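Chains as they are written, first to last, in our numbering: chain C, 1 to 298; chain E, 299 to 596.
One or more of the hints may lead you astray.
[To be verified] Here are some chain E residues pointing at chain C (derived, C-beta under 7 Å): (1) L344; (2) S347; (3) P354; (4) T408; (5) I437; (6) P546; (7) E556; (8) W572.
[Stated by the list, open to error] Per label pair, the in silico range of CB-to-CB distance: (9) C:R203 with E:N551: 20 to 30 Å; (10) E:F416 with C:F244: 44 to 54 Å; (11) E:K325 with C:N147: 47 to 57 Å; (12) C:R203 with E:I576: 33 to 43 Å; (13) C:I150 with E:V512: 56 to 66 Å; (14) E:R509 with C:E110: 30 to 40 Å; (15) E:W375 with C:D52: 45 to 55 Å; (16) C:E289 with E:V452: 31 to 41 Å; (17) C:S191 with E:W375: 14 to 24 Å; (18) E:W339 with C:G283: 33 to 43 Å.
[Stated by the list, open to error] Calculated from the model, a selection of chain E residues having no Cβ within reach of chain C, i.e. all distances over 10 Å: (19) Y356; (20) D381; (21) V399; (22) V404; (23) R418; (24) R420; (25) A439; (26) A460; (27) S514; (28) T528; (29) T535; (30) A543; (31) N553; (32) V564.
Since the hints were made in silico from the structure, they are not lab data. Just so you know, these numbers come straight off a predicted model, no measurement behind them. Positions of the beta carbon are idealized from the N, C-alpha and C atoms, including for glycine.
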Amino acid sequence: MRSSSSGSFAGASTAARRLGGRAALALLPFAVLITAFLLVPTLSLIWGSFHDSKTGAFTLTNYSYLQHPLDLVPFANSLELSLASTILGSVVGLLIAQAIVSSRRPLVQEIATTFSSVAANFAGVPLAFAFIATLGANGLLTRTLLNSGIDLYSGGFKLYSVLGLTIVYAYWEIPLMVLVMLPPLQAMKPSWREAAEILGASRWRYLRSVAIPILMTPFISSLLLLYANAFGAYATAYGLTTGFVALVPIQISNLINGDVSYDPGQADALAIGLAVIMAVCIGGRAILERRSTRWLAP
Amino acid sequence: MSNPSITGEATEEYLATVVAGAEAVRKARRRTNRRSRVPLWATLVLLVSAVYFLLPLYATAVFGFSTGKHFTLQPLWDGLGDDGFHSSLQLSLFYSVVTTVLALAVVAPTAYLVELRFQRLRATIEFLTILPFVIPPIILAVGLSAMYGINSPVNLIASSWAPALLIGGYFVLTVPFVFRAVDNALRAVDVRTLSEASASLGAGPTRTFLRVIVPSISLGLVSGALLAFTTAMGEFTLAALLGYATFPVYLLNINGYEPRMGEALVLVSFLITWAGVIALAAVARRAPGTQIVRGGPM
Chain C
1 MRSSSSGSFA
11 GASTAARRLG
21 GRAALALLPF
31 AVLITAFLLV
41 PTLSLIWGSF
51 HDSKTGAFTL
61 TNYSYLQHPL
71 DLVPFANSLE
81 LSLASTILGS
91 VVGLLIAQAI
101 VSSRRPLVQE
111 IATTFSSVAA
121 NFAGVPLAFA
131 FIATLGANGL
141 LTRTLLNSGI
151 DLYSGGFKLY
161 SVLGLTIVYA
171 YWEIPLMVLV
181 MLPPLQAMKP
191 SWREAAEILG
201 ASRWRYLRSV
211 AIPILMTPFI
221 SSLLLLYANA
231 FGAYATAYGL
241 TTGFVALVPI
251 QISNLINGDV
261 SYDPGQADAL
271 AIGLAVIMAV
281 CIGGRAILER
291 RSTRWLAP
Chain E
299 MSNPSITGEA
309 TEEYLATVVA
319 GAEAVRKARR
329 RTNRRSRVPL
339 WATLVLLVSA
349 VYFLLPLYAT
359 AVFGFSTGKH
369 FTLQPLWDGL
379 GDDGFHSSLQ
389 LSLFYSVVTT
399 VLALAVVAPT
409 AYLVELRFQR
419 LRATIEFLTI
429 LPFVIPPIIL
439 AVGLSAMYGI
449 NSPVNLIASS
459 WAPALLIGGY
469 FVLTVPFVFR
479 AVDNALRAVD
489 VRTLSEASAS
499 LGAGPTRTFL
509 RVIVPSISLG
519 LVSGALLAFT
529 TAMGEFTLAA
539 LLGYATFPVY
549 LLNINGYEPR
559 MGEALVLVSF
569 LITWAGVIAL
579 AAVARRAPGT
589 QIVRGGPM
């Protein structure tokens, strides 16, 4: 036993040694690509955010958006949209996930998870146009409701508003929630509920003392994922509005592509603001995942 | 509390408890089994959400497959015959295939070497693979255009190296998924022992990797490839902001002046997403734990 394990160690180090210096060389392509297309652009973005795009002199004016309430409107809108679509997506997504688990039909489960994956991946321009055909000014649902006496658009609804975008974003937020919450919900053992009932716990007591504490970590973690996904999304919002909505990603693209508003320095500074928000969400998720409850281990 | 097996009185008491406990378990089980019919609320939730998710697809089909009054597939044939459709789809296929091949060729050896020899680099590489989530496509686009754009130190966009810029960007976007897929597969096999056995039989490191490791992680490579391919096929943000006329960019433009044709092609795009997810689900069935959704802002 002992000799075989020490033998395998010697062998492994032989295998590793045989790789020689070529091993480090083989990591080079990865390092070069990541440096060239991720690290250097990120550094140049940080540098650009602190320099005037015309003169190249050091400046903080690119960050002046942090001081002017009007310049913070895109942040307020993005915040509202992300919050609304996270709440909608998480509540409905959790309901659907629990419905899938409660149905206990392998077929329902199979169809629902496959469709959730398709819907969660079906974002961007195609999704935007699918919703224009549905809820746009001439959309199918809009016209159907109009025929039955409900005029959405004169009632103040716009697909291009924060409310409209929330409905569209939910199309990928809900299935994402379903896919993220299904595994923990499936890991809840029926015997836990039985044990609680035998000990005399009511349904509510079971939820409060068993289910909610176990599911809290994955739930909060998925909220952060949904929030970051909505905040950083660009393609869907642009497809719906072609740039005429004040959201952070849209504002950034207008600043680097627009003729009138061209200001790369300010785009860099806004992008840093966005990156900070994304980092908080993703960092929070990483911390939560590390202390993910042992109850849900497969 | 005395040990129930010592005194007769306690034994009877104990027996009563056991009987009561068994009764409670039976009751709880029966209650669980009675729930084997799909609960009404679950049926309702699943039906209502099915309507929400299918309606936009139906509306797209109604709009795209009609002349305004009658059903016709003409817009679809027009779209499929359009030169812009062909060239943009070809461009998307080109970028997707090159990105997929590059990502596999670079990430797979890197993940293997990290697992075998450079465990100390694991934390760094894992951080690098989360970074693209913190830096969503909209920020990466700003960074890439700051570094390699028209007014930048290295003007790649206007050079014959322009395709390399988008490929590099797509590489960065797909690295997290590909790395995770390959790494999961690598951890499921005993990389050390396999490499050592192969080396002791006289194979060099390259041969070991290609003839021993690659076949044993083939499912991971396939799922990584599918994730990379579908990501690149549907990517809009980088392509649009850096100025590449890929399929999603074409889809946005065509909807401006040929809306029916555009909506018909939206369904084509949906079918592409669908095919990718079905293929991933098929892989996931054989290799549990396969990721079938990207879960990053687009």
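Just double-check T528 of chain E for me: nearest Cβ-Cβ distance to chain C has to come out over 10 Å. violated, 7 Å
Taking 33 to 43 Å as the stated bounds, is the beta-carbon spacing between W339 of chain E and G283 of chain C within them? Because 37 Å falls inside the window, the suggested range holds.
Does V564 of chain E really sit off the interface, with its C-beta more than 10 Å from all C-beta atoms of chain C? With a cut-off of 10 Å, V564 of chain E comes too close to chain C, as the shortest Cβ separation is near 5 Å.
Given S347 of chain E as an interface hint, is the shortest Cβ-Cβ distance to chain C below 7 Å? holds, 5 Å
How does the Cβ-Cβ distance of F416 of chain E and F244 of chain C compare with 44 to 54 Å: does it lie in that range? holds, 49 Å
Least C-beta distance from D381 of chain E to chain C larger than 10 Å: holds, 20 Å
With d taken as the least Cβ-Cβ distance between V399 of chain E and chain C, does d exceed 10 Å? holds, 13 Å
Exclusion check [A439 of chain E not at the chain C interface, CB over 10 Å]: Given a closest Cβ separation of 8 Å, the condition is violated.
Interface exclusion of Y356 of chain E relative to chain C, criterion Cβ beyond 10 Å: Since the minimum Cβ distance to chain C is about 7 Å, Y356 of chain E lies within 10 Å and the statement is violated.
Starting from the range 56 to 66 Å, see whether the pair I150 of chain C and V512 of chain E falls in it by beta-carbon distance. holds, 59 Å
Taking 33 to 43 Å as the hint, is the beta-carbon distance of R203 of chain C and I576 of chain E inside that range? holds, 39 Å
10 Å Cβ clearance of N553 of chain E from chain C: violated, 5 Å
Consistency note: the structure conflicts with the earlier hints numbered 7, 9, 17, 19, 22, 25, 28, 29, 31, 32.
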